[in-house]
Amino acid sequence: MARAVLFESSLKADQIDEKINAVLIDATDVETKELNGRLRDLMLSGEKKVNIINVCGQRFIGTRLYTPERLKMEIDIFGTPGNDLAAFLNGHKITVHGNAQDGVGNTMDSGEIFVEGRAGDVLGFSMRGGEIYVRDNCGYRTALHMKEYEDKRPVLVVGGSAQDFLGEYMAGGIAILLDLQGQTHKANFIGTGMHGGVIYLRGSVMPSQVGEQVDISPINDDDRSVLDRYVSRFVERFPEIGNRLEEILNSQFVKLTPKSKRPYSNLYAY
Amino acid sequence: MKSFVFPEFQIVRDEEKCGQCRGCERQCAFGTHTYDPVADRLVSEDYKCAGCQRCVVFCPKNAIVVRPAPSFYRPNASWSREKLDDLKKQAETGGVILAGCGCDKPFRIYWDHIVLNASQVTNPSIDPLREPMELRTFLGAKPDLMDISAKEGDIEIKTKLSPNLVVETPILFSALSYGAISYNAFRSLATAACKSGTYFNTGEGGLPRDMREEFGRCAIVQVASGRFGIDAEYLNCGQAVEIKVGQGAKPGIGGHLPGEKVSLAVAETRMIPLGTDAISPAPHHDIYSIEDLSMLISALKEATNYEKPISVKIAAVHNFAAIASGIVRAGADIIAIDGLRGGTGAAPKVIRDNVGIPTELAISSLDRRLRSEGIRNRCSIIAAGGIRCSSDVIKAIALGADAVYIGSAALIAMGCTLCQKCYTGKCNWGICTQDPRLSGRLNVEIASQRLSNLIFAWSHEIREMLGGMGINALESLRGNRDHLRGLGLHEWELDVLGIKGAGE
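Those protein sequence lines, which keep their order, are chains A and B. Position 184 of the first sequence, counted from 1, bears residue number 184 in the numbering used here, the numbering being contiguous throughout. Position 88 of the second sequence, counted from 1, bears residue number 88 in the numbering used here, the numbering being contiguous throughout.
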């Protein structure tokens, strides 16, 4: 089993001390079900902070942490968590010191996720609330069918770019792709079937890359304040990308929004 | 554009009987009847009529008859009236023809070609009024082997058992979402389920918060591709979670709850903005394979702390038995199989009437497939789609199902007449609508009583039929095809059903 090294992350020395004071789980050779059971037991016994080291492919971390009292926990993962990290997440804060795989934040309701690396496919699928920050790139079908409801407005910020089907069926929320490597956005079928929410792309996008139901427009002052808020948070959280806040915020952005909240309203004969 | 489509129905009013009370005018949300004050009489416009019979039932003088319009095109075996009318509608609108309810085409109904057995002489029949008759059913995975220890007469089960649903009768209410149906209809189903010792299924529209505490104990909560109203609390408030992959009325496609039906309360329950289309994509976009399905099943087990069985609902299609085998291996505790005649609030008619296979054939091939692979114990089968009466239920069980879902039958119990106009949101019976004026017509107490009565009556009929066969527990009938014979079926049909012909 591959071992991820604890100190490969961007933590400062004092942060590491603090982390080490938290409860430590060594996930070496621990199966998914057992690991998540241990996390749940720790939460129920009142622990607020847990570090899990040597994580290698264990799935659904954070998923079994719902209680009617809505206890909250902060989890730091060292290594590579498996698929569906934080699926149905209910208010917890999870940091991955490494890469994440597919399905991060699947149908999550609230909470925060930070990935100090890249994320796989179906990132933020159907998420209704909470925030996800991914330092590097992400895969296909990102922000698919993201929703929003009343005060819940999910936010996804990706430092790099995404693959095809970004924001497909998007029904709410905010997805921000910063393309910090400057490789330009190469995804196709962006926002196909989109009927809510907004996607901000730093740089530009060709109309041929974007679904029929999507409007491309320049950003206005309101958009700038949204970007300011979440990009600041991103830059603060990932100091390793350097002090690029101003440079990023002053770059060109395009905004993708749906043409209609009712894309299928004219499809039927009554 | 002038429409060339005939009215579907003709309204005949007996002017002698009509008392001009204008009840029909108030009853019809389609605006079929209007009062002409000058002539002091009611005028009816045939082309607006949905044929739901609400005005007929509620006319205090029995003055109204609604019947199929006698106008006809020149008879033509190939070009039926329905084909012509649909084609004209599409020529006029360029739209997809929508329909509600299940497939109404004359495909063979196998229930009506299967007969049941009864005891004569050698194996005495049982009178359910005098002797105990067990209909209680456990839905969920059963262990491969049961390890028990007996100490001084006390039996202890040592094997860790999977969570199971316990139903007092093998009839559950099928997934009917709040949003598709009215709050009162939804609440009536929940009330009746709790009263009758069975379960209702929330469908994909979530479970209103004010109902969770009272009705969570008899709820199966559904997770569909739209993921509406789903959070950890919702997943944990019911007794089982069902992943909806497919629906018999519209296999392979998703659903669009039109913005008009997304009222404030529906928006709250689905957790989506008011008035937007609630779009369920055709596939779950996190499920593109059996492995992905396995992942969602596991995620739901994690989210519910392994305390609830997970069901997977699929439509019966050509290769579904092999797929179902994969679903069992993916960890599903229950498979719900929905056949060709399964109902819906709205589906493209072309899909509803042409895609999928009948439930009867599906149950048998699924049961036999899982038995032949030695994994039948790992999941229960709930059969759905076109169950109309207690004999359909008992035949489904003898073909291999553990229990059945009823949807259309439950709606009919509440007043539905299968007029198929569910998608208009103007249901005069207050079932399939979000208009408070219409949904207020459905009284929860009365509707839930009608549903409980139905379950009670069917359950008793099932006991009678079981007793007649000399069987005192439903379990002994499950997959027991010896008690079935086919009438008027081809060899291949008997083969698929796994039954003999009558007289054999």
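Everything labelled a hint here was simulated from the structure, so no lab data went into it. Only a predicted model underlies this, so the values are computations on that prediction, with no experimental measurement involved. Mixed in with the good hints, there may be bad ones.
Residues of chain A placed beyond 10 Å of chain B at every Cβ, according to the derived structure [claimed, not checked]:
1) T32
2) L144
3) P218
4) R229
5) E236
6) R244
7) I248
8) N266
In silico lysine-lysine, DSS-like type, Cα no more than 25 Å apart, as pairs [unchecked claim]:
9) B:K89 to B:K2
10) A:K33 to B:K426
11) B:K426 to B:K349
12) B:K2 to A:K33
13) A:K261 to B:K160
14) A:K33 to B:K349
C-beta: ideal position from N, C-alpha, C; glycine also.
May I ask which of the numbered hints given earlier this structure violates, with the numbers listed in increasing order?
Failing hints, ascending: 1, 2, 8, 10, 12, 13, 14.
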